[in-house]
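Take the sequences, apply the hints, and build the full model.
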Amino acid sequence: AQSVTQLDSQVPVFEEAPVELRCNYSSSVSVYLFWYVQYPNQGLQLLLKYLSGSTLVKGINGFEAEFNKSQTSFHLRKPSVHISDTAEYFCAVSEAAGGYNKLIFGAGTRLAVHP
Amino acid sequence: GAGVSQSPSNKVTEKGKDVELRCDPISGHTALYWYRQSLGQGLEFLIYFQGNSAPDKSGLPSDRFSAERTGGSVSTLTIQRTQQEDSAVYLCASSFGLPGETQYFGPGTRLLVL
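Here the protein sequences come in this chain order: A and B.
Counted the way this note's numbering counts, the first sequence spans residues 1 to 115.
Counted the way this note's numbering counts, the second sequence spans residues 1 to 114.
No lab work stands behind these hints: they were computed from the structure.
Each hint should be verified, as a subset may be incorrect.
[Said to hold, decoys possible] Derived, one-sided and incomplete: chain B residues facing chain A with beta-carbon distance under 10 Å:
{"no.": "1", "residue": "Tyr35"}
{"no.": "2", "residue": "Ser58"}
{"no.": "3", "residue": "Pro61"}
{"no.": "4", "residue": "Ala93"}
{"no.": "5", "residue": "Gln103"}
{"no.": "6", "residue": "Gly106"}
None of the values given here were measured: they were computed from a predicted structure.
Note that the Cβ used here is the ideal one computed from N, Cα and C, for glycine as well.
Here it is as C-alpha cells:
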C-alpha cells in the first residue's frame, strides 16, 4: 500500500518570495508521482508529474519538483510566487505497474500568497 | 475539446434518501475514476473503471455506495440511504488508462446530507 504525507497543512508567503511545499511518500513498489492544484471553487488540475528519467521535473506556471528516491520525497518549488498561486496543492502517487492507476493523495497544502 | 462534466453541481438531500451523481468523461477516455473530497478524510479514491474490465471497487466506503458505467462512457455513482457523513464533494476523472497518465478531473458534485 502507498501513503503520502504533506508536511505542511498551510504555507503563508509574501508575493515574489520563493516557496517549497513538501511531500514524502511511502510505498513497497515503484510509483509515479504527481502534483495537482485546486484553485478556489475549481476542479483539480495537473501541475507536473514524475514518471522516470531526470529527477527534476518542470511543470506549468513556473513550478518544478525534484524526485529524491533515497529520501522518498517529491517537493514542489517555485522561485517567485504570485497572488494568483493562492490555492490548495495536492501531492499524489500511483503504482508504476500492475494497472492500478488510482491516485493516492496527501492531505493537501494550502498556499496563501500575500501582497 | 470538452472536459469532464459532472451533474448536478450541487445536491442537497435528506438523510435516508438515495442520490445519483453523474459523470461524463472526456470522449475516447477508457478509464474513469471516482474520488471523494471531504473535510475529515481529504481526497480519497472510491472506484475505477477501465474498459470492459471488472471495476476496482476497493475504495467504496460501504455497501450503500455503488457505481456503474454504461457503454464505456457515462458513469453514475449511487449512494443509498444517505448519511450525514456522506456530505462531501464527489469528483470524477478520466484518462486513457495507461500507467502514469494524467487524470483529468471534473468540477465535482457538492453533496450535502441534512
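Earlier hints that do not hold, by number: Going through the list in order, the structure violates hint 3 alone and respects the others.
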